[in-house]
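Line by line, the protein sequences are chains H and A. To convert, count from 1 in the first sequence and add 9; that's our numbering. To convert, count from 1 in the second sequence and add 122; that's our numbering.
Hints are computed from structural coordinates only; laboratory data are not their basis. All C-beta atoms, glycine included, are put in the ideal place defined by N, C-alpha and C. Be aware that a few hints might be false.
Residues from chain H that keep clear of chain A, each with C-beta distances beyond 10 Å, as calculated [as the list claims (entries may be wrong)]:
1) Thr145
2) Pro151
3) Val219
4) Asp272
5) Glu274
6) Val286
Each computed SDA-like pair below joins lysine to any residue, with the alpha-carbon atoms no more than 20 Å apart [what the hints assert, rightly or not]:
7) H/Lys194 / H/Leu54
8) A/Lys570 / A/Pro625
9) H/Lys23 / H/Glu197
10) H/Lys339 / A/Met543
11) H/Lys342 / A/Pro541
12) H/Lys49 / H/Pro193
13) A/Lys403 / H/Gln348
14) H/Lys342 / A/Pro547
15) H/Lys339 / A/Lys377
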Amino acid sequence: MSAETNIEKDILTKKDFQTDQMIRWCPGCGDYVILSSMQKAFAQLGKPRHEIVCVSGIGCSSRLPYYMNTFGIHSIHGRAAATASGVKLSRPDLSVWVITGDGDSMAIGGNHFIHAVRRNMDMNIIIFNNKIYGMTKGQTSPTTPMGQKTKTSPEGSFENPFTIGELTIGAQGTFFARVPDNNPKLMEEAIVRAGKHKGTSVVEVLQNCVIFTDGIHEEITGKDTKDDNQLYLEHGKPMIWGKEKRYGLKLNGMSLDKVALGDGEEGNGQDHPDLLVHDAYNNQPELQIALARMQLPDFPIAMGVLREVEAPTFDDLLHSSIGRARDNTKHQKVSDLFQSGNTWKI
Amino acid sequence: MSEIADTTNMRKAVIRFSGDSGDGMQLTGELFSQSSAIAGHDLATIPDFPAEIRAPQGSLEGVSSFQVQLGGIEIYTPGDQVDVLIVMNPAALKTNLRHLKPGGTIIADVDSFTKKNLKKAGYDDSPLADEELQKEYHVVEAPVTSMTKEALKDLGMEMQTMMRSKNMMALGVVLYFFRRSIDNTITFLETKFKNKPKVAEANVRALKAGFSFAESTELLGPSVVIPPAEIPEGTYRNIDGNTATAWGMLAAAEKCDKTLSLCSYPITPASEILHEISLRKDMGAISFQAEDEIAAICAAIGASFSGNLGVTTTSGPGASLKTEAMGLATIAEIPLVIVNVQRVGPSTGLPTKSEQSDLLQALYGRHGEAPLIVMAASSPDDCFYYSYMACKMAIEHTTPVVLLTDSYLASGSHPWRIPDMDDLPDITVPQFENDGGEWKPYLRDPEKLNRYWMSPGQRGFEHRIGGLEKEEITGNVTYDGVNHEKMVHTRAEKIKRVGHEIPDQQVYGAESGKVLLVGWGSTYGALHTALQEMEDEGVEGIGFTHFNYLHPMPENIPSIFEKFDKILVCELNNGQLATYLRSQYPQFKYDQFNKIQARPFFVSEIKNEALTYLQS
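Given these sequences and hints, build the entire structure.
Next comes the structure, spelled out in structure tokens:
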């Protein structure tokens with residue numbers, strides 16, 4: 010296409026972000042829902058396509074940029090966050106998205122992940138967590154649960170898995186959300202909020218690999234179990250879940266306790282003054298980390314935005330520093346620099 | 123003692139300042155070099171300091187030196203052997219005496235040759251009193267410490283603060299020895315310590331006292347006069363290789379109106395480039411200290427994709443870590459400059475020392491068929507030019523470029539004629555011009571075969587690049603093997619055509635004859651000097667040619683090689699250029715002269731080798 014013939018519309022739709030490339034994911038793969046939710050979310054964010062860059066690593070998830078009609082880099086294994094950092098620090102005006110998986114971001118790319126989060130580079134990292142290496146056909150990943158059988162742990166994994174939310178917040182992350190791949194509405198909301206957040210936003214999608222870990226999230230996301238096993242977090246609202254029997258959370262010393270609510274109790278302050286209310290904006294991360302760590306069967310899995318706090322971003326600090334240096338320099342051109350200091354004429 | 127008279131009129135001289143790490147020898151050497159440059163001499167310098175940050179005071183390990191060769195002729199190296207050695211303590215004498223020429227001059231701070239310091243250096247008695255030493259060298263005992271104390275006594279300073287001016291006292295002595303004016307040095311000191319008038323005063327006093335001491339005593343014997351060199355007119359400054367490399371990038375970015383994004387990870391001996399660009403936020407340059415070498419090159423790739431000039435700098439071990447990403451930049455065909463300031467390998471090797479052993483890595487060290495441009499700088503000051511050219515070629519040919527320098531160039535310095543920006547070659551950013559044609563991500567310039575460098579923010583040019591093989595023109599992912607073969611050939615041909623733009627390689631000395639010396643990179647100075655000295659001595663039939671462009675090579679190479687009976691490839695490695703030349707031009711026979719001792723070539727070594735070879 011040529012520049013002049015492509016007239017940017019005022020309002021973009023999901024369709025504007027689709028490409029003509031054949032999508033090569035397995036039928037039924039959770040990745041389709043993520044792609045579609047991202048395209049819908051992008052349409053809402055109001056950035057034109059040519060100011061968006063999607064950067065991925067290697068793995069099934071990382072094919073996504075080819076299917077997204079923006080600028081894109083399909084980089085190398087584990088290095089998406091590093092590559093995207095180069096984009097953002099060079100061009101802070103761009104909206105930058107990292108598309109990665111649990112193997113790509115937590116194993117080979119673990120270093121880049123924690124450092125991107127620590128710096129609070131203003132970009133968004135979407136992690137497709139299927140708890141397995143799919144593209145290389147079924148090896149243990151850093152999020153594979155203990156005991157899970159894989160090609161490289163035929164007797165069941167005996168490695169301690171990472172909890173992505175705990176790692177993110179522990180690395181001083183300013184935004185973390187978790188969503189299941191069968192709730193497109195929640196996913197879209199989380200992606201939009203991530204896009205609007207200034208700083209590194211991490212969105213973990215519990216994504217189902219139909220080939221190697223089919224049903225790995227079933228207990229959490231299944232039709233019959235999801236209400237009892239998921240806690241939807243909303244800022245300022247009491248943390249209550251359950252289909253029939255309803256539960257809430259309270260603090261017991263430094264630990265979380267599950268509280269059963271009585272019949273007809275709403276779980277508001279009057280019934281249970283000690284029930285916890287979600288505070289995503291609290292800078293102190295302890296409770297948010299505790300929420301991120303909650304596991305079945307004792308606790309539900311926390312979904313939605315766990316943490317969303319304001320902090321200076323790397324790209325802002327870098328460019329304001331450049332601006333100040335520029336204002337206070339005698340070196341307008343490189344020639345000024347060359348001629349500065351000790352020189353002599355022959 | 124009488125030897126000194128022979129040095130009164132010299133074409134060139136080598137001076138080595140040596141003392142404890144805390145004695146300020148680097149600054150002393152630099153100030154002396156500057157005064158020499160102003161006096162119209164050509165020169166080359168090299169620092170030599172301990173790898174440890176703070177070695178114990180007075181110890182052999184803590185000795186820091188600075189060597190400069192200056193001359194009334196063109197100077198290409200800091201010199202093999204030293205004419206004048208300045209030692210601020212016994213340890214400095216012990217570690218540096220081996221560098222001194224027979225009959226050379228030692229200027230020693232005699233006050234520092236105390237029992238305690240002698241013991242630290244492993245001497246039982248003062249070596250200055252040794253008759254052998256007195257016989258072999260011209261020894262000047264200068265009471266630097268006590269004279270400094272005396273000169274500064276009424277300034278009301280602490281002893282420790284006073285002693286910081288000792289080096290200026292020594293500099294004063296040496297400046298007189300070479301019949302230099304001290305005016306420029308005074309101006310420098312007054313400017314440097316503008317906000318500390320007392321410190322300025324102390325240093326100036328010490329300098330003057332040293333100068334007067336040398337003038338009024340007969341200890342030195344006749345002074346040394348070196349006539350000025352014939353140097354092209356212009357404004358000059360001293361520059362070291364790493365600064366020159368950094369400035370080359372800044373110049374290239376300004377020339378093509380791009381922002382420089384330097385993304386690097388600290389590594390000896392390349393870190394100074396990152397330091398310099400970090401200071402150049404004032405020029406709008408972006409510097410990024412990444413979390414590791416891989417992140418650094420990936421961030422540079424991201425920077426280039428987003429339309430900035432992406433550069434990463436490193437040394438051998440870091441270059442190894444970057445190789446996978448170099449493959450990405452090769453297949454994605456985006457501009458990228460990788461600077462490898464080589465050091466002694468493999469692995470950590472001798473991290474502060476110099477070697478040319480990453481050539482084959484630069485040429486071949488990637489998986490897959492991944493050709494890219496490889497070039498090498500050959501002097502501290504031409505690091506500027508080759509850094510500029512690396513950026514120019516990366517942009518114009520949308521390819522990664524590896525620029526090889528090394529530890530010796532990085533820390534060595536040489537006067538640099540400040541270029542006029544208008545005289546530097548233009549850099550054309552390959553943008554797709556919409557003259558009715560339709561743009562595609564892998565559409566190419568029909569001549570150069572480069573892609574067009576279209577970046578985010580350019581409406582209508584949204585596209586995806588990546589490590590998967592792409593279909594020609596469209597850039598769509600394809601697994602078609604025939605397409606892959608075509609793309610491999612196209613990428614190779616694109617680099618090959620860069621050869622059309624590379625200037626013909628020069629031959630120095632004889633254009634045809636018995637022996638052709640061949641070098642590349644930082645050995646230029648030693649090789650060129652060896653050739654000149656042999657010519658001066660009447661040796662005939664020796665030529666010399668030096669590579670800066672290693673891939674592709676200048677197109678006139680065979681026409682140079684065929685005019686000589688023998689080709690001697692001289693390198694600071696185990697024969698990497700020779701190996702490469704055998705594959706590129708197998709019609710010629712190559713002999714090798716290799717040195718792998720973590721030190722540069724001495725001119726004398728090359729001369730000996732060349733003369734023996736000539737007669738064989």
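To see whether the hints hold, each was checked on the structure:
No beta-carbon of chain A comes within 10 Å of the beta-carbon of H/Thr145; the shortest separation is about 15 Å. With a least CB separation of 18 Å from chain A, H/Pro151 remains clear of the 10 Å interface cut-off, as annotated. Non-interface call for H/Val219 relative to chain A: holds, since the shortest CB-CB distance, roughly 22 Å, exceeds 10 Å. The Cβ of H/Asp272 sits about 54 Å from the closest Cβ of chain A, beyond the 10 Å cut-off, so the non-interface label holds.
Look at H/Glu274: its CB is around 49 Å from the nearest CB on chain A, clear of 10 Å, so calling it non-interface holds up. Separation of H/Val286 from chain A is adequate, the least Cβ-Cβ distance of about 37 Å exceeding the 10 Å criterion. Proposed proximity of H/Lys194 and H/Leu54 is supported: the alpha carbons are some 15 Å apart, at most 20 Å. Restraint check: the Cα-Cα separation between A/Lys570 and A/Pro625 comes to about 16 Å, which is no more than 20 Å; the hinted pair holds.
Only pairs whose Cα atoms come within 20 Å are accepted, and H/Lys23 paired with H/Glu197 is accepted, the gap being roughly 12 Å. Pair hint H/Lys339 plus A/Met543 holds up; C-alpha atoms about 17 Å apart against a cutoff of 20 Å. A hinted pair counts as satisfied when its Cα atoms are at most 20 Å apart, and H/Lys342 with A/Pro541 qualifies at roughly 13 Å. Restraint check: the Cα-Cα separation between H/Lys49 and H/Pro193 comes to about 10 Å, which is no more than 20 Å; the hinted pair holds.
Using a Cα cut-off of 20 Å, the hinted pair A/Lys403 and H/Gln348 holds, with the two alpha carbons roughly 17 Å apart. Of the supplied pair hints, the one linking H/Lys342 and A/Pro547 holds, its CA atoms being roughly 17 Å apart against a limit of 20 Å. Between H/Lys339 and A/Lys377 the alpha-carbon distance is near 19 Å, which keeps this suggested pair within the 20 Å criterion.
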